[in-house]
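Number of protein chains: 2
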Amino acid sequence: MKRRQFLTAGGLGLAATTIAAPAVAQSMPDIKWRYAASWPKSLDTLYGGCEYFCKRVAEITDNHFQIQPFAAGEIVPGLQVLDAVSNGTIEMGNTALYYYWGKNPAFTFGTALPFGLNTRQHISWLLWGGGQDMVNDLLKEQNVIGIPTGSTGAQMGGWFRKEIKSMDDLKGLKFRVGGFAGTIIAKVGGVPQQIVAGDIYPALEKGTIDAAEWVGPYDDEKLGFVKVAKYYYYPGWWEGTGQGHNIMNLDKWNTLPKHYQAAVESASRDTFTWVTGKYDAVNPPALKRLLVAGAILKPFPQEVLEGCYTAANEIYADLAKTNPHFGKMYASLTAYRADSLAWMQVAELSFDSFMMRMRTRT
Amino acid sequence: MKRRQFLTAGGLGLAATTIAAPAVAQSMPDIKWRYAASWPKSLDTLYGGCEYFCKRVAEITDNHFQIQPFAAGEIVPGLQVLDAVSNGTIEMGNTALYYYWGKNPAFTFGTALPFGLNTRQHISWLLWGGGQDMVNDLLKEQNVIGIPTGSTGAQMGGWFRKEIKSMDDLKGLKFRVGGFAGTIIAKVGGVPQQIVAGDIYPALEKGTIDAAEWVGPYDDEKLGFVKVAKYYYYPGWWEGTGQGHNIMNLDKWNTLPKHYQAAVESASRDTFTWVTGKYDAVNPPALKRLLVAGAILKPFPQEVLEGCYTAANEIYADLAKTNPHFGKMYASLTAYRADSLAWMQVAELSFDSFMMRMRTRT
Chain A
23 MKRRQFLTAG GLGLAATTIA APAVAQSMPD IKWRYAASWP KSLDTLYGGC
73 EYFCKRVAEI TDNHFQIQPF AAGEIVPGLQ VLDAVSNGTI EMGNTALYYY
123 WGKNPAFTFG TALPFGLNTR QHISWLLWGG GQDMVNDLLK EQNVIGIPTG
173 STGAQMGGWF RKEIKSMDDL KGLKFRVGGF AGTIIAKVGG VPQQIVAGDI
223 YPALEKGTID AAEWVGPYDD EKLGFVKVAK YYYYPGWWEG TGQGHNIMNL
273 DKWNTLPKHY QAAVESASRD TFTWVTGKYD AVNPPALKRL LVAGAILKPF
323 PQEVLEGCYT AANEIYADLA KTNPHFGKMY ASLTAYRADS LAWMQVAELS
373 FDSFMMRMRT RT
Chain B
23 MKRRQFLTAG GLGLAATTIA APAVAQSMPD IKWRYAASWP KSLDTLYGGC
73 EYFCKRVAEI TDNHFQIQPF AAGEIVPGLQ VLDAVSNGTI EMGNTALYYY
123 WGKNPAFTFG TALPFGLNTR QHISWLLWGG GQDMVNDLLK EQNVIGIPTG
173 STGAQMGGWF RKEIKSMDDL KGLKFRVGGF AGTIIAKVGG VPQQIVAGDI
223 YPALEKGTID AAEWVGPYDD EKLGFVKVAK YYYYPGWWEG TGQGHNIMNL
273 DKWNTLPKHY QAAVESASRD TFTWVTGKYD AVNPPALKRL LVAGAILKPF
323 PQEVLEGCYT AANEIYADLA KTNPHFGKMY ASLTAYRADS LAWMQVAELS
373 FDSFMMRMRT RT
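Chain order of the listed sequences is A and B.
Under this note's numbering, the very last position in the first sequence is 384; numbers go up by exactly one each time.
Under this note's numbering, the very last position in the second sequence is 384; numbers go up by exactly one each time.
Bound conformation, chain A alone (with noise of 0.2 Å):
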């Protein structure tokens, strides 16, 4: 009904034009758009990012263009937010693509690649690298277009009830993750566990689980697993950014005059700085709470980062081969990476390192 609207007030039939419509009707037609997050809101940034997104589109286009947004649940449940659009139940929604592992390993990269890329090598990779048209392509199987919206930055590798100090300690280990990180921890032993967000902190001080992670210190310190497993580990090797996604069904935004299409993706970058601005405004002072409140900082040792990197490189090369998207990106991100970390360790890591340095002896 929606684009029967737009089509006879706003589109290019000889009709509209012949009786004089009032030319704001062709220029602006009024427009709402239902949009679905994969979010909860009390993740206030993911879901602030969605929030912040519609107030933009609706200023930008005077009003005219209204996207309506929704928490997880409300219209549709958070991991079907890609089959709701993809069906056109909504014209669009905001998720995490690497949710959609299953249906196509390849969505991992829209998200997050384990040992892949960092915040800045991501979003760059994605719109300069080709990965956004890679993602595209393997979207549109689904009738879906989907533009980068924010990062969680590099993620942490989560609460541990006990220590871990060698591969060994991953044998057995009940491990809430998220993604498609599930497969190296089960190919090194563990057993992922796909737990929704309430669900995690009482399976953890039941011991029900062992560890679990969840995003970084802001949106964990919400959800109090400091209370019941002190061991904070680092990094979250599984996401070394955590990228989120505007997606839009391909028949609705095809119904879309280009210029809100336009203002689609650019409030869509714009919110990129949002939400990544603030994760990383946000992130510091809660860490610093959760050290209080008795978090034990710990660095997973270097044998057990090699053992999952090792376990993640034959994952992916067998893939690459039976799996013609994964291989392609696949391919494409690891000759960025290669190239980005050469660059990435000359200036930035050297500038970096050496304020780390100065912070501590003043």
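Hint data in this document are derived by calculation from the structure and do not stem from the laboratory.
Please note that the accuracy of each hint is not assured.
Since the list can't tell identical chains apart, any single copy or any two copies may satisfy a pair.
[Unchecked claim] Once the Cα atoms are required to be at most 25 Å apart in a straight line, the calculated BS3-like pairs of lysine-lysine come out as:
hint : residue 1 : residue 2
1    : 228       : 184
2    : 280       : 54
3    : 77        : 280
4    : 310       : 350
5    : 187       : 228
6    : 244       : 63
7    : 209       : 350
8    : 249       : 184
9    : 125       : 196
10   : 125       : 343
11   : 320       : 184
12   : 209       : 184
Just so you know, these numbers come straight off a predicted model, no measurement behind them.
Starting from the structure of chain A, add chain B where the hints point.
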């Protein structure tokens, strides 16, 4: 004239309403602005970002708001963009605010404080740490408002004809360096030089200067420095980031319809991902080419970094006492930085440095 045109066609005057002017004119007035950049076209990431911004604003306003970009010197000299916007000669510009540190040293906070923040920290501090509001308090004295538009990333320390082994090697060193950093170079005994892009190469070739910094591999390569000064030092501690800004004359800004203001805001932040993403994509292959061409990569010795860091902090302490803008921004930035570095060295640094170690192994 343009302003008058807008007021007639799109203002809230009763006349326009009562004679039932085409509604499109009310909602989407035709406006043309001139937009002067501080960049030559050869800085195709910074100037390219300006072109991208204009294209995006045109797209999202259905071509009703046309902003025309001009390269440095076409209508305004590169270092006079703020003046031209301030006095209304042009409606807006794109520049590095630290060029204007002679008006007030606090302008350096808009672009980069030496030994200040990296790229993610700086945009986060601007948007979430109150930084941009404070920069705008300063810009308001020039009748200007600003929005960040993207960063070069951490810059290189520049091209040196001789090795720098100790602080003594900085004594008397004639060093082409941009912005506020020259005051620190002078304090440690160097002789900062302000030289425009086209004159750097011959000065370095003849030995009129001993060293020159510009941006990073991609931009430096085009000026050919590797042929006349082989030592390529890092990091450019005076620019852990290099932020560009859109700046608008406040009177002109206030005549814009709200949704055109929103279009400029959103397209500016959109441009942030374009510019920063492009630098991160084009610098790595440029670094490889420079190494093939004979560049000898050298880190500044720890003694040199620490000596300059101490000198910088002394300058900042003095300025903070006498300059309210500087004092307020410095207190805010250093508080943000202390917490941010403590967090960044956990997940971000450990992820990046693990990936860097693995790169050289495979």
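Checked hints:
1. 228 / 184: Within. Shortest intra-copy distance 14 Å satisfies the 25 Å Cα cut-off; inter-copy 65 Å does not.
2. 280 / 54: Answer is both; intra-copy 16 Å and inter-copy 20 Å each pass.
3. 77 / 280: both (19 Å within a copy, 13 Å between copies)
4. 310 / 350: between (41 Å within a copy, 24 Å between copies)
5. 187 / 228: within (23 Å within a copy, 59 Å between copies)
6. 244 / 63: Within. Shortest intra-copy distance 12 Å satisfies the 25 Å Cα cut-off; inter-copy 49 Å does not.
7. 209 / 350: within (23 Å within a copy, 53 Å between copies)
8. 249 / 184: Only inside one copy: residue 249 and residue 184 sit 14 Å apart there, 57 Å across copies, limit 25 Å.
9. 125 / 196: within (24 Å within a copy, 61 Å between copies)
10. 125 / 343: within (17 Å within a copy, 61 Å between copies)
11. 320 / 184: within (11 Å within a copy, 43 Å between copies)
12. 209 / 184: Cα proximity of residue 209 and residue 184: one copy only (20 Å, versus 53 Å across).
In this structure, none of the earlier numbered hints is contradicted; all agree with it.
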